[in-house]
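> Using the sequences and the accompanying hints, generate a full structural model.
One line per chain: the protein sequences are X and S, in this order. Residue numbering for the first sequence follows my numbering, starting at 822 and increasing by one per position. Residue numbering for the second sequence follows my numbering, starting at 822 and increasing by one per position.
Derived by calculation from the structure, the hints in this document are not laboratory data. Heads up, a few of these hints could be off.
Derived contacts from chain S toward chain X, CB cut-off under 8 Å, selection only [what the hints assert, rightly or not]:
(1) F833
(2) Q835
(3) Y837
(4) H857
(5) N859
(6) G867
(7) I869
(8) Y872
(9) G873
(10) F876
(11) K880
(12) C886
(13) E903
(14) V968
This structure is a prediction, so every number in the text was calculated from the model and none was measured. Positions of the beta carbon are idealized from the N, C-alpha and C atoms, including for glycine.
This is what each chain is made of:
Number of protein chains: 2
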Amino acid sequence: MKDIASKLINLFKQGYCTPQIARIARKLKEPSTTIHYNIKKLEREGKIVTYGAIFDYKKIGYGYCVYVFANLKPEKYDNPEEITAKIAKDPYVESIDICSGEHELVLKLRTRDVDEYYEWVKKSIKLYGFSKIISLTSLKQVKDGFVEVGN
Amino acid sequence: MKDIASKLINLFKQGYCTPQIARIARKLKEPSTTIHYNIKKLEREGKIVTYGAIFDYKKIGYGYCVYVFANLKPEKYDNPEEITAKIAKDPYVESIDICSGEHELVLKLRTRDVDEYYEWVKKSIKLYGFSKIISLTSLKQVKDGFVEVGN
DNA sequence: ATAAATAATTGAATATTATACAATTTATGG
DNA sequence: CCATAAATTGTATAATATTCAATTATTTAT
Chain X
822 MKDIASKLIN
832 LFKQGYCTPQ
842 IARIARKLKE
852 PSTTIHYNIK
862 KLEREGKIVT
872 YGAIFDYKKI
882 GYGYCVYVFA
892 NLKPEKYDNP
902 EEITAKIAKD
912 PYVESIDICS
922 GEHELVLKLR
932 TRDVDEYYEW
942 VKKSIKLYGF
952 SKIISLTSLK
962 QVKDGFVEVG
972 N
Chain S
822 MKDIASKLIN
832 LFKQGYCTPQ
842 IARIARKLKE
852 PSTTIHYNIK
862 KLEREGKIVT
872 YGAIFDYKKI
882 GYGYCVYVFA
892 NLKPEKYDNP
902 EEITAKIAKD
912 PYVESIDICS
922 GEHELVLKLR
932 TRDVDEYYEW
942 VKKSIKLYGF
952 SKIISLTSLK
962 QVKDGFVEVG
972 N
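In structure tokens form, the structure reads like this:
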């Protein structure tokens with residue numbers, strides 16, 4: 822056993838996918854060269870960042886999902902991007918938004934279970950310099966990345 | 822002008838992408854048939870739902886992003902899934918989670934601008950039967966779908 | 001512990017698809 | 001209205017996915 826599956830999942834989080842030009846051409850009833858040209862243009866313009874997979878996280882053993890609302894320590898207030906750049910490297914963090922309102926940061930986290938989440942919290946408070954965090958645990962993921970996820 | 826670009830963007834939200842088997846095979850130093858077999862297995866098991874694009878939403882004219890926390894009217898309390906199934910069809914809604922805690926629903930919304938968001942709010946309160954909503958506007962999207970988005 | 005059954009890996013052959021290129025058409029700015 | 005750039009398209013080619021049969025590894029039952 823080589824456990825290729827988990828390697829694939831990691832690759833598909835970062836990309837390693839590509840558009841199906843022929844299929845799109847059939848669907849839109851346009852020549853595949855036209856589709857090809859337009860896709861390359863979208864990529865060139867930076868409108869499309871990459872292509873990746875959409876997972877059923879429960880099935881791949883990452884069923885524990887939490888929204889984390891974090892506040893920074895006052896001394897870090899002036900430059901949130903310094904911290905978010907660091908958080909962005911965290912493999913458990915699916916998304917990061919710098920927001921207006923009560924909490925400066927909104928993170929979406931995916932871990933295997935509560936235990937792993939708890940470990941993350943302990944580590945992060947220290948590592949990222951949060952003054953306070955509030956969390957909201959997902960009981961059921963209905964839609965993700967514009968796709969309905971049937972659990 | 823046929824405006825193929827916007828059609829492509831819509832298709833890539835739902836899928837119309839596919840893994841790059843040859844590239845993955847080179848990367849992992851495994852035969853492409855082995856990679857192919859393992860990917861098909863992941864798909865068969867439902868672990869991979871589909872493949873799609875990751876966008877720079879600002880560049881495609883959907884730069885306004887809001888997290889919406891909604892509460893249901895008490896009479897809808899017992900069956901949130903009835904409403905979320907309906908919300909899932911909403912093209913402005915990127916993700917839906919049924920959560921524990923103060924708010925039953927967490928939505929991630931993407932609209933062109935504040936105006937479009939305001940129209941959505943007015944429509945949704947009525948249409949989806951929210952008793953109350955709180956929102957958090959994203960000022961900067963740092964990471965999305967496990968990918969760093971450089972604005 | 002061993003045989004039988006099932007699952008995973010692999011290479012060779014084929015079918016399908018993406019890409020490069022040149023030509024044509026369409027849009028744009030002075 | 002002309003000149004220039006951008007977009008569309010068909011043909012040819014290169015690259016890729018997929019099928020299939022065979023081999024190897026793993027699991028299950030006795």
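> Which of the stated hints cannot be reconciled with the structure, identified by number in ascending sequence?
When the structure is compared with the hints, numbers 4 and 13 turn out to be violated.
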